[in-house]
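Top line first, the protein sequences correspond to chains A, B, C and D.
Quick note on numbering: our numbering labels position 349 of the first sequence as 355, and the sequence is numbered without any gaps.
Quick note on numbering: our numbering labels position 20 of the second sequence as 26, and the sequence is numbered without any gaps.
Quick note on numbering: our numbering labels position 161 of the third sequence as 167, and the sequence is numbered without any gaps.
Quick note on numbering: our numbering labels position 208 of the fourth sequence as 214, and the sequence is numbered without any gaps.
Just to be clear, a hint being listed does not mean it is correct.
What the hints assert, rightly or not - Examples of chain D residues toward chain A, derived with CB under 8 Å:
#, residue
1, Phe32
2, Pro36
3, Leu199
4, Ser218
5, Ile246
6, Thr248
7, Leu252
8, Thr256
9, Leu259
10, Ser260
11, Ile262
12, Pro263
13, Thr281
14, Tyr285
15, Gly293
16, Ser332
Just so you know, the hints here were simulated from the structure itself, not pulled from any lab data.
Remember, predicted model here, so these are calculated numbers, not experimental data.
Note that the Cβ used here is the ideal one computed from N, Cα and C, for glycine as well.
Number of protein chains: 4
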Amino acid sequence: MIIVMNSKATDDQVQEVEKRIQEFGFRSRPSQGEDRFVISVLGSPIPDALQEALEHLGGVQEVVRISKKYKLVSREFHPEDSIVDVRGVKIGGPEVVVMAGPCSVETEQQTLETAHAVKAAGATMLRGGAFKPRTSPYDFRGLGEEGLKILAKAREETGLPVVTEVMTTADVDLVAEYADMLQIGTRNMQNYLLLEAAGKSGKPVLLKRGMSAEIEEWLLAAEYIMAQDNEDVVLCERGIRTFEKLTRNTLDLSAIPVIKRLSHLPIVIDPSQGTGKWYLVPSMMRGAVAAGADGMLVEVHPNPDHAMSDGGQSLTFENFQEAMDSSSAIASAIGRSIPKGSGVPVSADD
Amino acid sequence: MIIVMNSKATDDQVQEVEKRIQEFGFRSRPSQGEDRFVISVLGSPIPDALQEALEHLGGVQEVVRISKKYKLVSREFHPEDSIVDVRGVKIGGPEVVVMAGPCSVETEQQTLETAHAVKAAGATMLRGGAFKPRTSPYDFRGLGEEGLKILAKAREETGLPVVTEVMTTADVDLVAEYADMLQIGTRNMQNYLLLEAAGKSGKPVLLKRGMSAEIEEWLLAAEYIMAQDNEDVVLCERGIRTFEKLTRNTLDLSAIPVIKRLSHLPIVIDPSQGTGKWYLVPSMMRGAVAAGADGMLVEVHPNPDHAMSDGGQSLTFENFQEAMDSSSAIASAIGRSIPKGSGVPVSADD
Amino acid sequence: MIIVMNSKATDDQVQEVEKRIQEFGFRSRPSQGEDRFVISVLGSPIPDALQEALEHLGGVQEVVRISKKYKLVSREFHPEDSIVDVRGVKIGGPEVVVMAGPCSVETEQQTLETAHAVKAAGATMLRGGAFKPRTSPYDFRGLGEEGLKILAKAREETGLPVVTEVMTTADVDLVAEYADMLQIGTRNMQNYLLLEAAGKSGKPVLLKRGMSAEIEEWLLAAEYIMAQDNEDVVLCERGIRTFEKLTRNTLDLSAIPVIKRLSHLPIVIDPSQGTGKWYLVPSMMRGAVAAGADGMLVEVHPNPDHAMSDGGQSLTFENFQEAMDSSSAIASAIGRSIPKGSGVPVSADD
Amino acid sequence: MIIVMNSKATDDQVQEVEKRIQEFGFRSRPSQGEDRFVISVLGSPIPDALQEALEHLGGVQEVVRISKKYKLVSREFHPEDSIVDVRGVKIGGPEVVVMAGPCSVETEQQTLETAHAVKAAGATMLRGGAFKPRTSPYDFRGLGEEGLKILAKAREETGLPVVTEVMTTADVDLVAEYADMLQIGTRNMQNYLLLEAAGKSGKPVLLKRGMSAEIEEWLLAAEYIMAQDNEDVVLCERGIRTFEKLTRNTLDLSAIPVIKRLSHLPIVIDPSQGTGKWYLVPSMMRGAVAAGADGMLVEVHPNPDHAMSDGGQSLTFENFQEAMDSSSAIASAIGRSIPKGSGVPVSADD
């Protein structure tokens, strides 16, 4: 951390800064520049409280943090790529892992049918919501445990591991009983007690980026999970909030190479939430694979216009199959792969 | 809700839209414009699922929602201003309510000293954090129940009602036991289970705006609380996330007249979180009062440079007193009032 | 400027950094921290090119700029508040200067009528657009020189100095011939050739903040004008672009104390553009005055629903009068003043 | 356009709305919903002034625009993809066009060397700045006409058509004399007089998205150019401004499929400006091609750490060659192509 004094700072003010640094147990190193004094703080990690304390002192113009606040998630600490194993599916390796399924689990038939269809198209994990965070209290909020049971049954039939959202610490054990991977949603990225509870569950965790979270905050949220001795964290970019109105969010694909540089954790992309429009999803699937994503979350529904949530961003079986085919060609072009499925099953409309 | 068909939509596509509307139990009314068809949906409230379903249908160019998603919080539903009573302090009436105190409860002495100081300067409620959400897992997270006890003691000594944050459903009963008003923090604005638990507690709730929440989402979060038969909700604007780097957040004072137009609920402003810089706080306190805020949350600390959290945005006793004096003059100028305190007590530095 | 090397940087990499710094003519000072090397660059102002050069070198983790890029506009360089004189009206002094008038000059009658009305209510400058930047090529773009003549006539009749927008270097002389102050609009804040041309005109310049400009960029734009030996620059905050949809922009009143701290230049607020809704304007006028604004730009129209542009954000004469009265009371409460006008003239509707 | 009346609107208020619509020359169609009145405006295009007029009327709750403001750029108006021919290079066809070169033209040697290198790697157009918009008045602003001459010489030697920025109407003729395509920069996207002048020049125009422009505003800016009977417009996404600090901008690749849906114009991507970090560029080049971009602008420099501007985001010859190879493989995977160059020439470092 660097403390920049303003050009009129007095000696007393400089000494006061150094005194506060020492009270926090750190060493300081002053340095006279041409027109102002600069003081370095040695040691790490430096608590926010020290930064805030110094910002308040007289003569201080600016406090600049130069060391990172996170450690366990950083590539400096762990140079090799991490691979997260979810019931045999390896996220972060050469294979691009596609987690597909309905936004919400609505019925057993809808879920099983979708699970078979996405498996046939090459997906290797099943996604689906049993507990749904909804902006309005008057919307459908998911089937709860009943939904978890349906997901487990779909896994039994298809062999696809299940990832599903948990919204509150009180439900962590319940969800962990049925699911293979716990999803922390965008609205809960800074629900720190939930992060810790998910970490303690021992299950792999899919951590969605908060819709207005800086990448550093996202990595710090992952640090909360890893600090519980849980190394199986997968990051998921799902669009950030911007001024643009034609897309629900702005999908930040540059987060892929940024994360790859800063962290060893795998990163997957959610183009369904990220765009909010089904007709933008295939293009963003291809872009994500090309940009280096380790996987994707894709919403698929037998009849999107009959979906109980987010139908507008769900692909039909047919559109999903096409998008998987082109994504697979791109994966091959960069030396990765998406498994070929067994072909499209009978669709809901037939 | 209005469905705009594209200019090449077929009759079959129009009929399909009308059919889906009827399946959801609503009536439709088609209307041929000059170059495209427009279909109105009659009835309210219209679920998101219908909107999403229609967005997926062929020939649909756009679906425009014209009725609001919230009801209980709306001024249409409840034309008169609501006044929320917190242990005798009335928020939403002619008096501007100042809730002041330390960011975090650190020690009994620090808290009591601050409580007396802010009361002397005209504050009528005490704020202070016992449970602190922190971006990094390595930062101070508050004293927990010990902090709640200190707050209760400060109330006993000063008579100031206490508002403090609750971070998880599991703690709602505990916090409600000590506090007079539950605060939902910005990171939890869309933690729907927590909103409902706070609503059920029967305590007044201070609902902070999510740092990237649209005002409509914020009102829907308040609707979650009110839907639990809890009418005592106070909204708190605390700055939104923008591209500007010189302030921690961008304090959106225009939210005051917007909320006053759309809702009957009181609105207070947090200029400490909203700017993140103590030297910007007094100016924003004055601006907030002038723009019509019903109250303010202000961070005050005996020695801000020794604070364990957010010292950089905390006022000293002296700065707080000055800011209260000028704010009080502004309140008078618009026919409201901030109580005169009894004068500044001996400060921590003496 | 500080260069932070990553923890695995080699000696050669450190030397390469120092060599580049010297090639740019600056001195460097290395410093070994606990786990990484930090190199300071001495001297100022440091060009962007050096920063960018260093970011490219091996072993460099981060380059942090600690000195400001601007000079003439800074308070460090010029500690006293600047007062800008526009034909006798002093902006930046104890009086809060209100510049009011129609969004667009439409007819002589509309402009004269409005000029008399705003003067009667206490405005001391007249605003009005003759050249209008419009998002769509199919919208009304102003009367051009004819509009400038009408503004000059209104000044003649009322004595109010005129501020109006200039959109291109080719028009600077023409606009300067009629206007007392040149306005640079939000879309042109980084039209650097226009800034220089306006600076060279010798006229006072009102520089609107770009709708997504950081405050530092805004000050640098002002630096372009001042670098032409033109000291008469007034900054105007007019709302920034955010994700919120209920207001046209988010009016950033915290820019007032930020600018007051960093710069000696006066700052005025445009609540009409800043909110885009006439019913939010009076509240934001009061907030701006209380927060320390040196003036305001307010759109007023005899019949806002008949305006040829931005009618939705224009006040009627009556609403303007009321807003001026309450703003004036607030100015008094903080030791400033808004002149009392002579009373409301006969309005257009009568 | 739809006018939603509030639930307490009177008959008189409804009539007043209809009267205003008729005064503007449009027809209205009222419709009684269950709890509120809705009035449709028939005809198009509807001027902003009518929308603003109606927003001001009593009883009006909301005015919703449902028809688009642009026409010439829309796919409804021109269903087939447009192909823009720049001296024989076809943008918008099956070939992905790479425009590469230095950020700024600095010397003849640097430019020629780079032109040969990018051609060898598969680029088919040369980019380079002779007029540079710079945030600070103290930075290098380009060589001006001297730079244009160097670019023309590089074209002569390599056969690569040249695209370069024009910053002001006064320079349009000059730049058009040397360049094959005029670039309108992000800061000038709403410099309407410049758009018209570029349109009138008859040269193809590359229109960069404003850094905080909504896609609709961007299309309207293109409409300004096309309204001058210039059909050769190429859109360029170059990153938008968000809260994220680790990238200079957030590159919005979802703009590609959005534009493809709304417009017939080609779209290219600038990953150098879009990320601001050279090490993120190759990944975003691959992502852009996969997502359907018709081309790319890439900054390349013989010695990025000696560049006079934006060195931090420029690729070396070697990095560019590698990125082109992988991008080419991706183009093939989706049925498009990037030409193979003739191999890397001797680099500046040898």
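These are the hints, each one checked on the structure:
Residue-level restraint check for Phe32/D is violated (minimum Cβ-Cβ distance to chain A is 25 Å; threshold 8 Å). Interface restraint check: Pro36/D against chain A, minimum CB-CB distance 28 Å, threshold 8 Å, status violated. Given hint, Leu199/D at the interface with chain A, is violated; its Cβ is 25 Å from that chain's nearest Cβ, farther than 8 Å. For Ser218/D, the suggested interface contact is upheld, since its CB lies about 6 Å from the closest CB of chain A, less than 8 Å.
For Ile246/D, the shortest C-beta to C-beta distance to chain A is roughly 6 Å, which falls under 8 Å, so the interface hint holds. For Thr248/D, the interface hint holds, since its Cβ comes within 8 Å of a Cβ in chain A; the closest pair sits about 5 Å apart. A hinted interface residue such as Leu252/D counts as satisfied when its beta carbon comes closer than 8 Å to some beta carbon of chain A; here the least separation is about 5 Å, so the hint holds. For Thr256/D, the interface hint holds, the least distance from its beta-carbon to any beta-carbon of chain A being 5 Å, beneath 8 Å.
Evaluation of the Leu259/D hint against chain A yields a held restraint, the C-beta minimum of about 5 Å falling below 8 Å. Below 8 Å, beta-carbon pairs count as interface contacts, and Ser260/D has one with chain A at about 5 Å; its hint therefore holds. Checking Ile262/D against chain A: minimum C-beta separation of about 6 Å stays under 8 Å; hint holds. With a least beta-carbon distance of about 4 Å to chain A, the hint placing Pro263/D at the interface is held under the 8 Å criterion.
Checking Thr281/D against chain A: minimum C-beta separation of about 5 Å stays under 8 Å; hint holds. Hint status for Tyr285/D relative to chain A: holds, with the closest Cβ pair at about 7 Å, below 8 Å. Checking Gly293/D against chain A by beta carbon gives a least distance of about 4 Å; that is within 8 Å, so the hint holds. Contact between Ser332/D and chain A, as hinted, is supported at the beta carbon level, the nearest pair being about 6 Å apart and thus within 8 Å.
Hints 1, 2, 3 from the earlier list are contradicted by this structure; the remaining hints agree with it.
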